[in-house]
Every structure is written in structure tokens, then in C-alpha cells.
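Keeping their order, the protein sequence lines are chains H and Y. Okay, so the first sequence: first residue is 331 according to my numbering, each after it adds one. Okay, so the second sequence: first residue is 9 according to my numbering, each after it adds one.
Among these hints, one or two may not hold up.
[Unchecked claim] List time: in silico DSS-like cross-link candidates among lysine-lysine, alpha-carbon distance up to 25 Å:
no., chain 1, residue 1, chain 2, residue 2
1, Y, Lys93, Y, Lys56
2, H, Lys332, H, Lys414
3, H, Lys414, H, Lys397
4, H, Lys460, H, Lys448
5, H, Lys332, H, Lys428
6, H, Lys414, H, Lys448
7, Y, Lys118, H, Lys415
8, H, Lys414, Y, Lys112
9, Y, Lys27, H, Lys397
10, H, Lys397, H, Lys428
11, Y, Lys93, H, Lys460
12, H, Lys414, Y, Lys93
13, H, Lys343, H, Lys415
14, H, Lys343, Y, Lys93
15, H, Lys415, Y, Lys112
16, Y, Lys91, H, Lys414
17, Y, Lys93, H, Lys415
18, H, Lys430, H, Lys332
19, Y, Lys112, H, Lys460
20, Y, Lys93, H, Lys397
Simulated from the structure, these hints should not be mistaken for laboratory data. What you are looking at is a predicted structure, and each value in this text was computed from that prediction instead of being measured.
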Amino acid sequence: MKVQVGQELIPLKKGPITVEQLRLYAEVSGDFNPIHLDPQFAQEAGYPSVIAHGMLSMAFLADGIRKHFPEANFQVEQFSARFKKVTFPGDVLTIRCKVKAIELSGAITLQVWAENQKSEVTTQGECQVKPLAAGSAMC
Amino acid sequence: MKPSFSEVITAQTFESFRKGTQTESVGVPLTFATRFRQSEFSLLDDLKIDLRQLLHSEQTYFYHEPIRVGDLVEIDTQVTDNKTKAGMQFVTLETSLRVRGVKKITSQSKMVIRQTGEMKK
């Protein structure tokens, strides 16, 4: 199936987010900001509990992109994300991906975003992908 | 600029990152460069930024060439923008990942530092 402008791809579910997951993510990313790990520190910053790393949500967006546009067929040129709302342990995220534009060269611009269980957009991103071979714009 | 540090990428390096991000898709995770964020935190520490006030507002990756198992990746981070506007501090950090001098990934992190007393309610 070739993708078309405006097409929304099959979403990906992530979560519920757990405290253990945040600890594991801190280890692999080197992001030990206590706001993600220490409930007291998070409360001093004004949050009811620890908050998930924004970059964990971006990793989920990345996984959603690569599920549809695998490394074997697509080169990613640029990937950006804006962190709009914090994510807490217990939240469930739905990763959505929509085709924004397709250029004559075959390059595809994707809109990607994460929604929590309240349908609030927590992370919003954009990604440019390019087929590695002609005719491989499959999802 | 923060002095460079380097790391040899192994299959285990990728695998542990995939596990930590619950990545299901095949290949190198697109946010793999996040693994080297300790260089950013070291710079933020130099800038005496209180992490309680810090909001990571935006992140962009530019992919120049793929990173492979066996690559010796050199990482350096610099502050490319640091300004105060409407009582808020806006800092942009740029991290480059190079292999044998060739740039592979550029990571740009935009941070907002809230003033004391403007904690999230």
C-alpha cells in the first residue's frame, strides 16, 4: 500500500508508563534528572509525582515512525518534537502518524504525535523520510 | 564547548537502548543520540541551572549518515543560544556525533528555565 497525503497510519499504543520504566530509561539515556526519579524533588518542582522523560515520548514517536517506515527501506533525514504536556506514571500514550506531504522526489513529511488517555496531545513532532529505492513508499 | 568524549558502539549498546525505550521496530532507534545526553547535563551544571526549573521544550535530530556497530563515536556539546526573554531563560544546546571526524548526527535541544516562584501548578 502506498501512502497518500492526509493518510493516518495505524496507531501504536505505549504504556501504562511505570516508575520502573523511567528508571530504566534514565540508565540508557544518562538522563538522571531527579524530576523523573525522585517524588519529593518532583513535588518541589510543582508536580504531583515524578514525570516521564520527554525524550521517552519522543522515542515512542520514533518507534511509531519506524514501524511504518523501516530502516531497510527508508532513510530519515530530520526528526523534531515539541513537548507540550507532561506525562505521568500510569498514563497510556497513543502514537499517531499522518502523511503531511509527499514531494516529487518521493520524500515524505510526516506529522507524529502522542496522545494520552484523555486525548490530550503531549508531544507533537514532524519527520522527513526518504525512500531508499524508487517505489518503496510502503507502509 | 564541552571537551569531547568518545564511545565505541556495540550491538549491546543498541540493544540496551532499544530495551530502555521499549522500541519494537527493527534497526537503530531514531533517538539513539539521546544516550549521550550526559554531556548536555554537564553543560547545564556549568551554567548553574536548577533542574527543578528546567523544561525541555523542543528536540530536533539531523541525520547525516548512519551509525554502525563498531563505530568509535566522538561527542561534543556546545551552547548555541542563551538568552533571557520575559523573565525566562532560553538555552539551546547542540550535540554533534562524529565518527573519524565525519558528522553522523546533530542533536539540538531547546530548554526553558523558569524563574523561581513560577513552578507548575
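Each hint, compared with the structure:
1. For the given pair, Y:Lys93 sits about 18 Å from Y:Lys56 by alpha-carbon distance, which is consistent with the 25 Å threshold.
2. Of the supplied pair hints, the one linking H:Lys332 and H:Lys414 is violated, its CA atoms being roughly 31 Å apart against a limit of 25 Å.
3. As the CA atoms of H:Lys414 and H:Lys397 are separated by approximately 24 Å, the hinted pair is consistent with the 25 Å bound.
4. Between H:Lys460 and H:Lys448, the direct Cα distance comes to roughly 33 Å. Violation of the 25 Å bound is thereby established for this hinted pair.
5. A distance of roughly 13 Å separates the Cα atoms of H:Lys332 and H:Lys428; the hinted pair therefore holds under the 25 Å criterion.
6. A hinted pair counts as satisfied when its Cα atoms are at most 25 Å apart, and H:Lys414 with H:Lys448 qualifies at roughly 14 Å.
7. The straight-line distance between the Cα atoms of Y:Lys118 and H:Lys415 is roughly 15 Å, inside the 25 Å bound, and the hint therefore holds.
8. Only pairs whose Cα atoms come within 25 Å are accepted, and H:Lys414 paired with Y:Lys112 is rejected, the gap being roughly 28 Å.
9. At roughly 16 Å between alpha-carbon atoms, Y:Lys27 and H:Lys397 fall within 25 Å of each other, so this suggested pair holds.
10. Our distance criterion of 25 Å between C-alpha atoms is met by H:Lys397 and H:Lys428, whose separation comes to about 13 Å.
11. For the proposed pair Y:Lys93 and H:Lys460, the alpha carbon gap of about 38 Å is over 25 Å, so the pair is violated.
12. Proposed proximity of H:Lys414 and Y:Lys93 is supported: the alpha carbons are some 19 Å apart, at most 25 Å.
13. A C-alpha spacing of about 18 Å is found between H:Lys343 and H:Lys415, which places the hinted pair at or below 25 Å, so the restraint holds.
14. Distance hint between H:Lys343 and Y:Lys93 is unfulfilled; the C-alpha atoms sit about 38 Å from each other, more than 25 Å.
15. Simply put, H:Lys415 and Y:Lys112 have alpha-carbon atoms about 30 Å apart, too far for the 25 Å limit, and the pair is violated.
16. Between Y:Lys91 and H:Lys414 the CA atoms are separated by roughly 21 Å; this keeps the pair inside 25 Å, and the hint holds.
17. The suggested pairing of Y:Lys93 with H:Lys415 holds, with an alpha-carbon distance near 22 Å, which does not exceed 25 Å.
18. For a cut-off of 25 Å, the pair hint linking H:Lys430 to H:Lys332 stands: about 14 Å separates their Cα positions.
19. Restraint check: the Cα-Cα separation between Y:Lys112 and H:Lys460 comes to about 17 Å, which is no more than 25 Å; the hinted pair holds.
20. Between Y:Lys93 and H:Lys397 the alpha-carbon distance is near 40 Å, which puts this suggested pair outside the 25 Å criterion.
In the structure shown, a violation is registered for the earlier hints numbered 2, 4, 8, 11, 14, 15, 20, in ascending order.
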